[in-house]
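Novice: Generate coordinates for the entire structure from the input sequences, incorporating the hints supplied.
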Amino acid sequence: MRFFAVHDTEGNIARIVGCPDGAPPTLPASMAPGQAASEIVLPDSVSVSSDRDILADLVEVAENYRLDVSPGPSVRIMRKDRATGE
Numbered sequence: 001m002r003f004f005a006v007h008d009t010e011g012n013i014a015r016i017v018g019c020p021d022g023a024p025p026t027l028p029a030s031m032a033p034g035q036a037a038s039e040i041v042l043p044d045s046v047s048v049s050s051d052r053d054i055l056a057d058l059v060e061v062a063e064n065y066r067l068d069v070s071p072g073p074s075v076r077i078m079r080k081d082r083a084t085g086e
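full-length UniProt numbering numbers the first residue of the sequence shown as 1 and each following residue consecutively.
The hints are simulated quantities; they were obtained by calculation from the structure and are not laboratory data.
Backbone N, C-alpha and C fix where the C-beta goes; we use that ideal spot for every residue, glycine too.
Fair warning: there could be bad hints in the mix.
The calculated label-pair distances, taken between Cβ atoms and stated as ranges, are [as the list claims (entries may be wrong)]:
1. D53 / P33: 15 to 23 Å
2. G22 / D81: 14 to 22 Å
3. G22 / N64: 12 to 20 Å
4. E60 / R2: 17 to 25 Å
Once the Cα atoms are required to be at most 20 Å apart in a straight line, the calculated SDA-like pairs of lysine to any residue come out as [stated by the list, open to error]:
5. K80 / N12
6. K80 / V6
7. K80 / S30
Specialist: So this is what it looks like as structure tokens:
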């Protein structure tokens, strides 16, 4: 599976969507102004072995991670700073 994060310009994740390998991404029909979608590699802690586990893991990722959207060849996912939430 491939995963895409819908995020704002600061890398805050609004939602994560998945699609089968080789299929076009199924992105939300409408996104808020300033939002973008980027393909991400999920953290190693996320298991894609069962639908039940992956849903809980994706919620955890959206709540506790953000994207490093600084200029570069790819977007990197990183854990939010626990003190600031950034």
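Novice: Each hint should be assessed against the structure and marked as holding or not.
Specialist: Results of checking the hints against the structure:
1. D53 / P33: 15 to 23 Å: 34 Å, violated
2. G22 / D81: 14 to 22 Å: 36 Å, violated
3. G22 / N64: 12 to 20 Å: 29 Å, violated
4. E60 / R2: 17 to 25 Å: 19 Å, holds
5. K80 / N12: Holds. K80 to N12 sits at ~9 Å (cutoff 20 Å).
6. K80 / V6: 16 Å, holds
7. K80 / S30: 26 Å, violated
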